[in-house]
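Colleague: This is what each chain is made of:
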Amino acid sequence: MGLLEAIILAVLAASTPLLIAATGELVAERAGVLNLGVEGMMIVGAACGFGGAYISGSIIVGAISGILAGAALSLIFAMMTLGLAVNQVATGLALTILGIGLSGLIGSRFVGEKITPAPHLHIPGLTDIPFVGRILFGEDAFVYLSLALVVAVWLFLYRTRAGLVLRAIGDNHVSAHALGYPVLRIRMLAVMFGGACAGLAGAYLPLAYTPFFIPGMTAGRGWIALALVVFSSWRPARLVVGAYLFGAVTILQLHAQGAGFGIPSQFMSALPYLATVIVLVLISRARTGGSTAPAALRTVFVPDR
Amino acid sequence: MQLVLEKRAERSNTIALVSPLIAIALTIVTMSILFAILGKNPILALGVYFIDPLTDSYSLQEIAVKAAPLVMIAIGLSLCYLANVWNIGAEGQFLVGAVAGSWLAVKTQGTDAGYWVLPAMLLLGAAAGAAYALIPAICKVRFGASEILVSLMLVYVADLLLDYLVRGPWRDPAGFNFPTTAEFDPVATVPILIEGGRLHLGAIITLLVVAAAAVLLGRTIKGFEIRVVGAAPRAARFGGFNSNQLILLTFAISGALAGLAGIIEVAGPVGHLQPGISPGYGFTAIIVAFLGRLNPIGILIAGLFLALTFIGGEQAQIAMKIPLDVTKVFQGILLFYVLACDSLILYRFRLISSSPKVSSGTA
Chain A
-15 MGLLEAIILA VLAASTPLLI AATGELVAER AGVLNLGVEG MMIVGAACGF
35 GGAYISGSII VGAISGILAG AALSLIFAMM TLGLAVNQVA TGLALTILGI
85 GLSGLIGSRF VGEKITPAPH LHIPGLTDIP FVGRILFGED AFVYLSLALV
135 VAVWLFLYRT RAGLVLRAIG DNHVSAHALG YPVLRIRMLA VMFGGACAGL
185 AGAYLPLAYT PFFIPGMTAG RGWIALALVV FSSWRPARLV VGAYLFGAVT
235 ILQLHAQGAG FGIPSQFMSA LPYLATVIVL VLISRARTGG STAPAALRTV
285 FVPDR
Chain B
22 MQLVLEKRAE RSNTIALVSP LIAIALTIVT MSILFAILGK NPILALGVYF
72 IDPLTDSYSL QEIAVKAAPL VMIAIGLSLC YLANVWNIGA EGQFLVGAVA
122 GSWLAVKTQG TDAGYWVLPA MLLLGAAAGA AYALIPAICK VRFGASEILV
172 SLMLVYVADL LLDYLVRGPW RDPAGFNFPT TAEFDPVATV PILIEGGRLH
222 LGAIITLLVV AAAAVLLGRT IKGFEIRVVG AAPRAARFGG FNSNQLILLT
272 FAISGALAGL AGIIEVAGPV GHLQPGISPG YGFTAIIVAF LGRLNPIGIL
322 IAGLFLALTF IGGEQAQIAM KIPLDVTKVF QGILLFYVLA CDSLILYRFR
372 LISSSPKVSS GTA
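Chains A and B supply the protein sequences, listed in that same order. To convert, note that position 170 of the first sequence is 154 in the numbering used here; the numbers rise steadily by one, no gaps. So the numbering used here is basically just the index in the second sequence, starting at one, shifted up by 21.
Check each hint, because a few of them may be wrong.
[Stated by the list, open to error] One side of the interface only, derived from the structure: several residues of chain A facing chain B at Cβ under 10 Å:
1. G67
2. Y193
3. T194
4. P195
5. D288
In short, the hints are calculated from the structure, not lab data. The beta carbon of each residue, even a glycine, is placed where N, CA and C say it ideally should be.
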């Protein structure tokens, strides 16, 4: 296997959790809810995902455990921000703090254990094609799933009536409410979809990326996913570009560390975070003609009766 | 029948006063259930957590030592949150303050530098913290980038910077390759208040900061502007307040306080620079700020309470083998309850019949 092929395979794997988490968060934000708890839901998803797979011996059970854990946490968030009209930023932070604690509590018994990672696709003939075979037909199921998810979300948002309603609620909840749409119920579903995706993204890490669990293994990926949503201007297609770009930065800095160059490894490790800051600045600056963010993002809605 | 939220005609002052207490009570009930799930006696565990640390002088001092950075950081954060801007990178500003102050301590090590070293270190720490916090503030004001994400990203960068320095250029040559600087000289160390104890000058500085914040918010025009910009941005614009300038100001103050807390922690209880100098003070301070209702006196009380949970958590780990992560879960749940109870200041619940009345004339 050539170096370039290895790098592309690694980039795809590193980008997948970012893409899954960011896609879920994009749907929630399109409905007008900013859930800053992505990191917390991911890390609990990682702990529960590994736990589920370790106990049952099945990757699918692990993935479902991660999804359920993320969705459950996002339900708490939805009850707080939608049911009790609490500030979304503060609640999201609370969710992250709680998630980090919970994942430590749940995951501590699994530290040091190993599982068999998710298998890679193998289609005789196709996968064996030099160079492109492994890249196109030799990934684990999550990679294909993440791309299918983006397509599905794009179709839902732009080609269905329900997607139109969801976007309308995210842009103007007062009008949507006046038209008779159940604003809070649709927002709750969007938030829970986001939570389920974050949980799955977290579970991907111990199930496919590295076959073991370590506390804090998400290492800020949830926050980078949030930044990716801003980067994408809330459009699913651009999310794919952003996620793969960030995956590439992560992998290239790892390779650069390996190659040496005399640059301290800590500086290379800081690159993905610095890149996030720079991208946020550039993207926000380019948008001088008004924001593309959903107009009702972060605002509280209490229906008038 | 259905339970719905409804806006109160005016904010309830009674609930504003009792809501933190209700939140703490609900948290304690939830924790008891969690202890029971973990197979520990809830009454015993709660005793170890909340009562035992209050019974001996060592733990009481330790609570004050832990509360000092929490309160100092939370005071700064409360200014940002009052102005409705979100500095969540206090952890990074804390670390950068610690690094900048330590630079002087490392450079003057073994020289006969006088008593100016410590004050200069504190100033450096505060200045570096303020500068580091100004990065997200400037990105926000100048380019419209999310201050939440930028300040958070910089936490990871600060952590790596500290890691590099203590493993690389600043490592103690006589330190058996441990990632730490040499112990600071006495002139670079925060003085202890009680002979043989742990309580240090930082506690007094913290009280001064609390007093200064109370004056700023209660007695000055700037404090008034900060509160108006957060509560009623439109009114603030009509009043001619410069909201960009206020964002920069609140971020600079909160960064300076976090940086000051960082260098005091390093030059005080820790005594040298090393990774892991903060058990998440910058994040826990967010909880302190909200539990204290963004009010300086409230923050002082809330800081002492959360410091108690740190000490209680350590003792519960030693005495009852309760994992340290329980403390984090506790802190997260507490913040949830605080926010939920605060909602009842502005809103109330009402029971309505589930079938909405159809207005006449639509037949």
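Colleague: Compare the structure with each hint and give your call.
Modeller: Right, here's what the structure says about each hint:
no., hint, verdict
1, G67, "holds, 7 Å"
2, Y193, "violated, 19 Å"
3, T194, "violated, 19 Å"
4, P195, "violated, 23 Å"
5, D288, "holds, 9 Å"
When held up to the earlier numbered hints, the structure conflicts with 2, 3 and 4 and fits the remainder.
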